[in-house]
Amino acid sequence: MAISRRKFLGWFGGGLSATAVSAAGTAMAGGNHHFKGHPDTMGVLHDISRCIGCRKCEEACNRVNELPKPEKPFDDLSVLDKKRRTHASLYTVVNRFEVDSKPVFVKKQCNHCMEPACASACFVRAFQKTPNGPVVYDESVCVGCRYCMIACPFNIPAYEYDDALSPAVTKCTLCAPRIQKGQLPGCVESCPKEALIFGNRKQLIKIARERINTHPDRYIDHIYGEHEMGGTSWLYISDVAFSKIDMREDLGTTSAPQLTSGPLAAVPIVVGLWPVLLTGIYAISQRKDKVAAEEQAEAVASAKAAADEEMKKQIAGVKKLAAKEKEAAIKKEVKKALEAVAKEAEEKNAEASEKKEE
Amino acid sequence: METIFYTLQDFLTHSKGITYLIMGGILVFMPLYWLFLTDRDEKKETY
Amino acid sequence: MEQTSRISLRPLITPFNMILGAIIALGCIITILRFTGGLAAVTHLDDNNPWGIWIGFDLLCGVALAAGGYTTSAACYVFGLKRFHSAVRPAILTAFLGYALVVLALHYDVGRPWRLPFPIFWQQGTTSLLFEVGLCVFLYLSVLFIEFTPAAFEWLGFSKIRAFIVKLTLVLTILGVILSTLHQSSLGALYTIVPSKLHPLWYSAYLPVYFFVSSIFAGLSMVIFEGSLAHKYLHHKMDDTHLKETHGVVLGFGKSASFIMVGYVAIKIIGLSVDNNWHYLFTDYGAWFLIELIGFVALPSFVYAIGVREKNIRLIQWTSIWTVLGIVLNRFNVSLIAFNWQLSSAERYFPGWMEIAISLFIVAIGIVAYRLATNFLPILHEHPDYQAH
Numbered sequence: 001m002a003i004s005r006r007k008f009l010g011w012f013g014g015g016l017s018a019t020a021v022s023a024a025g026t027a028m029a030g031g032n033h034h035f036k037g038h039p040d041t042m043g044v045l046h047d048i049s050r051c052i053g054c055r056k057c058e059e060a061c062n063r064v065n066e067l068p069k070p071e072k073p074f075d076d077l078s079v080l081d082k083k084r085r086t087h088a089s090l091y092t093v094v095n096r097f098e099v100d101s102k103p104v105f106v107k108k109q110c111n112h113c114m115e116p117a118c119a120s121a122c123f124v125r126a127f128q129k130t131p132n133g134p135v136v137y138d139e140s141v142c143v144g145c146r147y148c149m150i151a152c153p154f155n156i157p158a159y160e161y162d163d164a165l166s167p168a169v170t171k172c173t174l175c176a177p178r179i180q181k182g183q184l185p186g187c188v189e190s191c192p193k194e195a196l197i198f199g200n201r202k203q204l205i206k207i208a209r210e211r212i213n214t215h216p217d218r219y220i221d222h223i224y225g226e227h228e229m230g231g232t233s234w235l236y237i238s239d240v241a242f243s244k245i246d247m248r249e250d251l252g253t254t255s256a257p258q259l260t261s262g263p264l265a266a267v268p269i270v271v272g273l274w275p276v277l278l279t280g281i282y283a284i285s286q287r288k289d290k291v292a293a294e295e296q297a298e299a300v301a302s303a304k305a306a307a308d309e310e311m312k313k314q315i316a317g318v319k320k321l322a323a324k325e326k327e328a329a330i331k332k333e334v335k336k337a338l339e340a341v342a343k344e345a346e347e348k349n350a351e352a353s354e355k356k357e358e
Numbered sequence: 359m360e361t362i363f364y365t366l367q368d369f370l371t372h373s374k375g376i377t378y379l380i381m382g383g384i385l386v387f388m389p390l391y392w393l394f395l396t397d398r399d400e401k402k403e404t405y
Numbered sequence: 406m407e408q409t410s411r412i413s414l415r416p417l418i419t420p421f422n423m424i425l426g427a428i429i430a431l432g433c434i435i436t437i438l439r440f441t442g443g444l445a446a447v448t449h450l451d452d453n454n455p456w457g458i459w460i461g462f463d464l465l466c467g468v469a470l471a472a473g474g475y476t477t478s479a480a481c482y483v484f485g486l487k488r489f490h491s492a493v494r495p496a497i498l499t500a501f502l503g504y505a506l507v508v509l510a511l512h513y514d515v516g517r518p519w520r521l522p523f524p525i526f527w528q529q530g531t532t533s534l535l536f537e538v539g540l541c542v543f544l545y546l547s548v549l550f551i552e553f554t555p556a557a558f559e560w561l562g563f564s565k566i567r568a569f570i571v572k573l574t575l576v577l578t579i580l581g582v583i584l585s586t587l588h589q590s591s592l593g594a595l596y597t598i599v600p601s602k603l604h605p606l607w608y609s610a611y612l613p614v615y616f617f618v619s620s621i622f623a624g625l626s627m628v629i630f631e632g633s634l635a636h637k638y639l640h641h642k643m644d645d646t647h648l649k650e651t652h653g654v655v656l657g658f659g660k661s662a663s664f665i666m667v668g669y670v671a672i673k674i675i676g677l678s679v680d681n682n683w684h685y686l687f688t689d690y691g692a693w694f695l696i697e698l699i700g701f702v703a704l705p706s707f708v709y710a711i712g713v714r715e716k717n718i719r720l721i722q723w724t725s726i727w728t729v730l731g732i733v734l735n736r737f738n739v740s741l742i743a744f745n746w747q748l749s750s751a752e753r754y755f756p757g758w759m760e761i762a763i764s765l766f767i768v769a770i771g772i773v774a775y776r777l778a779t780n781f782l783p784i785l786h787e788h789p790d791y792q793a794h
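Chains as they are written, first to last, in this note's numbering: chain H, 1 to 358; chain S, 359 to 405; chain E, 406 to 794.
Calculated directly from the structure, the hints in this document are not laboratory data. Accuracy of the hints is not assured; some may be wrong.
What the hints assert, rightly or not - With a straight-line cut-off of 30 angstroms between C-alpha atoms, the simulated DSSO-like cross-links for lysine-lysine are:
#1 E:Lys602 with H:Lys244
#2 E:Lys660 with H:Lys288
#3 H:Lys69 with H:Lys83
#4 H:Lys288 with H:Lys313
To be verified - Residues of chain E clear of chain H, computed beta-carbon distances all greater than 12 angstroms:
#5 Gly442
#6 Leu450
#7 Pro518
#8 Trp527
#9 Val614
#10 Leu730
#11 Gln792
Stated by the list, open to error - Listed next, the stretches of chain H that the computed footprint assigns to chain E, with coverage defined by at least 3 CB atoms under 8 angstroms from CB atoms of chain E:
#12 145-157
#13 319-325
Computed from a predicted structure; not experimentally measured. Where is the CB? At the ideal position from N, CA and C, for every residue including glycine.
Turn these sequences into a full structure, and let the hints guide you.
The following block contains the structure:
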């Protein structure tokens, strides 16, 4: 009874939130909103087929952002022997891959997504996609929860784990202050092979498309970053398959805000409906207890009444019996008395007749 | 609200912010409404 | 009926207490290392694995296992099942200590713990499920604290304020269920943002529902388990009501848990079907998934049922431990084992001994606090001067 009620509610609640989750997930966060990003978003096109792995971009990045110098200098290409990822104070890395026994070089850094997962995940709004393009990080509010690092599908943000008192998240800034002044990002400016072009994202996509169409034998027919995770400001074209150069092709096109919009949408529904459901259960169980108590009281009362009735009947019966017995006794006594009187009279008669004969 | 939202992230930041405030309001309003609804019920004995 | 609210005269220098003391002392030393050397000095966290056991165990398991507070108080006050009343105060105490310790654990994990109030009071990241978790945990900890105070006020003799708070019981209980639903599910929802990093058998749009539903039977099982421990070691603090109601609590909670677990298995299977993930079951991770679902949810659910049918209290109590382990396994799977499953083994995370030591340190503090509370406060017995509410 009560157990199944709880079960029902467990199901109901579960079903409700599941419905809310799945419904909201497909409906683009309520309604049919479609977001195209800031119209003047800038970006960078990285032509992987042109990269020679000289690491000048890494050096420029380090210089422009005034980062600490690394152990091995930037012209030490033995560093490319091992695959690296971004790290604290290492905003970008160039990696070398062997594909079909040819070396391929790829630059990796924050992709400045159109719908950044880090911005969606951050619970203090420390990340923001600026209209210009860069996704910027505000260290002054960062609590250091590192959910942004969990969320980033490209595994870009790094953390200053060695710092006990003021650790920060680190990543490429797309040289936001520089491009604000009309300069190029450090890496783009330093690339000797024009493997990096900076410009309006829509234009860059056109350029990339044109390059692919002009040299179809040279390029893989895909602009990486055009739609991945909802689109990124950093775009890539390549002469080898992306999956062979550590660029995941299974990320899908759904952005992070889109992925979490379902669960987020279910939250206020719980707040709106749970008070009604729970107070309702409370009221019903109170009412049920009250009715049960009343029924019990009634049952007790009617049982008592029946017992009283029974008792009354018995008493009446006993009374009747007593009255009968009394009557019989009286009758008996009367009879006795009459008999006694008759006997006496007879005796007197006999006496009188005896006297007469004398 | 005339601001255009260019990204889903901006839209959600705005809409969720308002939603959280409404949630707080609901949590305050509900018990008050319940008291209003049950004001004239037979009083349950409390010892 | 004699009740002692004084500390018992048993000697405090027991082997168990010495171990607790050692863990706490070690924890204090590691605390200093953590805040002088940073996370690198104490953990095996890195850029690919930013969350370790302080999130996987202390936060995720801690919150799931403290769910006995809202489930027990809902059973007693919302569903009106008064026969569970004696289980409420111990459950609320556990929940309050549990959530307080989760917040303590977070102070170790986040880079700048003094900024923990920021997301609520300074700049709100309302698109974040972690904001949702933080806000609800903060509010719920406050609710739990208030629900806990009547026991303390009875001990202190503040009857007026105690009476006032007792009047709020129903509202606090309902608010507690709402907040618990929200944060239990949002902890699962945290992982909905990374379909590319969480193995498909564990990734689902239903993650919030899974975490919420499993928190219910996690809480019920913890109440059974802790009750059995309390019976063994704190028997002298229990009054007749508590002792009399115990079997009813074990049977009732075992029955509910069993049924809810069947529902959970059902929606897990639905999750497989909806995403057409059957083929993953034939992989190594698939075997591990089945061990978790069948071995640690379906089977204990069935054994709970046997225990309920046979009225076998012992069996239900052992099964509660089994179920709790299943919950821990699930939370570990989602956060540590099935997470980053695609990374090479050299890149995977394994906790450092100091991380484990801090987790144990936090559990040890919880045990000490629980024992102090049940020793001095009317938790396992009713205070003679006050009527049960």
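Broken hints, by number: Result: hints 4, 5, 6, 7, 8, 9 and 13 break, sorted rising.
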